[in-house]
Amino acid sequence: MTTIIMTLFIYNGLHGFKRDHDKKVAMLMAFNQENYLQHRLIMNAIRSFFKSSEGVKKTEFEIFTRELLGDRKALLFTLTPELTLGYISDDRDLDQLDLLVTTLDKEGNLSGRLPHYQLIALAIDEPNMPYLFYGIPLDNLFFSINRLKDTCLKYSSSQISSESQGCGIPLTSILPELFRYTTELDISIPEYNFYYTLGVESQVRSSKIAEFMCMVLSVLFICALIFVLLYFKLVNKHLFNRIERENKLNVAMVSSINHEIRTPINALLGYSQMLREMPKISHEHSVLIDKMLWSANLLYSVAENTLNYSKSTTSTLVLNNAPINTLQYIGNIQDYYNKLSIPVGKTLDFHVSDKLPAVINVDSSKLFQIITNMINNALKYSTGKAVSCHIDICQRSGFNDESNIRGSYLRILIQDSGLGMSKSTKELLINPFSVDAESKQKQVSSVGLGLYTCNQLLTQIGGKLRLHSVKNEGTKIMLHFPCQFDPSRLSQQLNPVNYRDMGILIVDDNSFNLEVCNAMLAEKQFNTVCANNSKAALAQFLNTEPDVVIVDYQLDEMNGLELIAKMKCIQTDAQTQYFILSANDKNEIVDSECHADIYFMQKPFNTAIFLSCLGRDN
Amino acid sequence: MFIDISENLRHFFCHYSEERRLPLYQALVGELVNIRSKIKLVEDNDQLNALKHQLKGVCRYLSLEFDVQIDAITRLQQLYRLVDHIHGQVVAIADEL
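Chains as they are written, first to last, in our numbering: chain S, 1 to 618; chain W, 1 to 97.
Don't take each hint at face value.
List of simulated lysine to any residue pairs, SDA-like, C-alpha gap at most 25 Å [as the list claims (entries may be wrong)]:
| no. | chain 1 | residue 1 | chain 2 | residue 2 |
| --- | --- | --- | --- | --- |
| 1 | W | K40 | S | N532 |
| 2 | W | K38 | S | N533 |
| 3 | W | K38 | S | D509 |
| 4 | S | K535 | W | H87 |
| 5 | S | K248 | S | F227 |
| 6 | W | K56 | S | N247 |
| 7 | S | K524 | W | Q26 |
| 8 | S | K535 | W | V91 |
| 9 | W | K52 | S | S256 |
| 10 | S | K524 | W | R20 |
| 11 | S | K346 | S | S295 |
| 12 | W | K56 | W | H87 |
| 13 | W | K52 | S | S422 |
| 14 | S | K524 | W | K52 |
| 15 | S | K24 | S | S207 |
| 16 | S | K73 | S | S158 |
| 17 | S | K208 | S | Y11 |
| 18 | S | K248 | W | A27 |
The set of hints was computed from the structure by calculation and includes no laboratory data. Everything numeric in this text was worked out from a predicted model, so none of it was measured.
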């Protein structure tokens, strides 16, 4: 590419110089043409003058030639048969004729040479003076060309050779030779036996050459710069892709390790629990078992944090909201800590607001992870005895977006009464691997992943973690966790409902997914029919007239939305409720927002989510 | 690295009544065999992605957190080994159902 650009640029530059040279040649030609016509006119006029007059007198010749030549420095004179001077246009030029050399050829034609003049000999009809000479001064010829700088004009005829002032400039280097252009023009006036050659040689000015070379070097530099930038861009892209790939592999590895770790942790928790419930366990052993349980709980928390940390760094976290019974859920967390036997000397109290709805729609597993993480931290690191957890709900504008759309948030305040967090501990909120000097002194192990992960997780899902710690007073952590609630509808859906009369058509080309979905809905007593392709689905739709249709988005012949469109064409007045089941998020499905009456559910099929949408106006 | 998923499989099947377990098990084995046989016929990246998508759906129902591993798959052999591994573990718990 650089070579092409350079070639084009140099070609264009050199072509420009050549064009300038050609302009000079054209100008010279025009000037020469004008002179040529003038000379012909003069020669024809003087010939006619002698032809029409008999015995031209000297005064007549002088008057006529003075009028004819005007300001021109040309010379007209006649010679007798003895080659002595007859008449001359201007007596002041007599001295110059001393240098006149004449030659008579075999055919009787006379020619002459006179320095600084181009002489043209004419035969005239005058017996006493048969030879007429018209002398054109070379100075006149070179006058204009001398005005053109860096241009050399060479005049060459059988009589004389001469060159302009510009020809005397010597070349100082080889480079200007490359910028020198030469043109030779052969001009002839055959009727007067007059031939001459004009050579035009023009040299590009050194300032222009320098300018051109600077431009060439600049273009070369820019091309090289672009090449280097492109090279670095490619290298960066390659590096970025590699880092992204390695990051994914790292997350995959962490996920695998996490999976491997959680199985023995669960076993440890389970067996410890079993051991604790065994009869005849001494108090001493019971304390040890409690410690084991607590450690296993912390280990489980670390494993969860590690996985979520990896996911949050690659932005793969998504919320899986489902309706939960709020009080029952908080009770489960309390039970969890009751079973664990929290560290000796510590107390944990839960305070739940009366305003908290009975049912909320929330990602329960992430909420559990965040609450337990913060409570674990308070129990593990605070120097005070009491840890409390206050839970209520609030309506407020979003934390991450600038739009003032109000949303519901579970507000959880976890408070301890210890010495408070040090500055370095607070840094763990934004830097997960900073070393907490005080924890090190107290020999408390900490990688700070929990605080950081919870903060990241909440930020990603549109929530907020606020930390307020005062020395010798304790630490308050306020969590805002996004949720949705509509007590009137959600509570109704959680009530036992008879689904036996409700017909559901499930369409999925993946037989296992179809079977699982069918089994889940059959467990809830729904009346289900299945189809593993769109043709069978349309046939079943006609036969059974289902109340609900659940369609996998990616089918073999057509996508789920196209199949639903066909079903709607078949039964235009039916009150069928349609659901699309997809591995992708609703936003990732093309034109999903155009189908307000279709519910989009993410795989795997979740009965609770499905039930929460059932019968709801979208 | 392949993970022991037998506990996940047991956990999955124990959610369903005994009469539902066998059809579910057969559907799962059938789907895995189907994916495995389709891998041999894959000719381009789109077909590979479709199979990855199919396997991801199955894994999600089994509560296997394999999304990241499946996304990282670039070669047919990797996908085949993963499907074969899941299939092997599913077959191994057949007697327990």
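Handout entry: Hint check against the structure, violated hint numbers in rising order
Key = 4, 5, 8, 13, 14, 18
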